[in-house]
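Number of protein chains: 2
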Amino acid sequence: MNELAGSCEVDPTPSGAATGSRVLHFQPDFRWQDVPVTAYKQAAGHWSGVARTVLVGDAGEQTAFHVRYFEVAPGGCTSREEHAHEHAVVVLRGRGQVLLGAAVHDLAFGDTVYVAPHNVHQFRNPTAEPFGFLCIVDSRRDRPVPI
Amino acid sequence: MNELAGSCEVDPTPSGAATGSRVLHFQPDFRWQDVPVTAYKQAAGHWSGVARTVLVGDAGEQTAFHVRYFEVAPGGCTSREEHAHEHAVVVLRGRGQVLLGAAVHDLAFGDTVYVAPHNVHQFRNPTAEPFGFLCIVDSRRDRPVPI
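Protein sequences appear in the order of chains A and B.
Under my numbering, the letters of the first sequence match residues 684 to 830, in that order.
Under my numbering, the letters of the second sequence match residues 684 to 830, in that order.
Read the hints as simulated data drawn from the structure, not as lab findings.
Just so you know, not all the hints are guaranteed correct.
Where chain B lies over chain A, by a calculated footprint (3+ residues, C-beta under 8 Å) [claimed, not checked]: (1) 701 to 709; (2) 735 to 744; (3) 748 to 759; (4) 768 to 782; (5) 789 to 798; (6) 810 to 824.
Treat the numbers as computed from the prediction; the structure is a model and nothing was measured.
Virtual Cβ for every residue (Gly too), placed ideally from N, Cα, C.
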């Protein structure tokens, strides 16, 4: 036993209620218990095969950011767009691609993408399996401009 | 072929440089190419077995948030602490636990934790394998208070 690990033992003293904190339990097929999945940009007028799940930011949190999970169906893609706000993307499921400016990068689990202000970008799924990723954005942000 | 998927085809027209954007390539053993891994709270004076990788926020980004990957070694834990800023945590590797107030919750891949302001919390790894998670925080935030 590592004697230095003593600080990691469970302290039996209750430390009070955790008001407002919560655990969102992951479920098969990349769903989270009690968290709704919605279509992405339903008003866009064309099929894109993208579903959105808001994990943090839509339930009264005060965070300066929102954490969303996007899943792109086989053959689908997100809007090709640009905007002032930045994206941080971490791939969780399957394989896909990101267009950054004129370059296309292949992506798989764990690959992380930072999209800088006003860089044109699009996420695509050319595979036969779902392509899913976290996308973190500022909670206060400008509207995307389609390209 | 899905005729509606036409909007997802690659447009051969270059759309300019993507200045500042980048892809951080995931590598075996949960490392990211060219991203340093640092010890967590080296000044704490006790072993905790936690390593930190800053994926977004340390390289000139203007995001209102930072995305970090923390990995807790077998037997390790993060500080038991509270603070005004909130945490958004998404488990990527292994299994572990979170203490939220007086409750302990088991965590595995995909499980997502929101830690509300001033809720006492600690992440622990009682298993024999590494326990890793993304932790997203506001870029402007208060200092944690150990409990």
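A quick look at each hint next to the structure:
| no. | hint | result |
| --- | --- | --- |
| 1 | 701 to 709 | holds (count 9) |
| 2 | 735 to 744 | holds (count 4) |
| 3 | 748 to 759 | holds (count 4) |
| 4 | 768 to 782 | holds (count 7) |
| 5 | 789 to 798 | holds (count 9) |
| 6 | 810 to 824 | holds (count 5) |
This entry satisfies every hint, going by the numbered hints stated previously.
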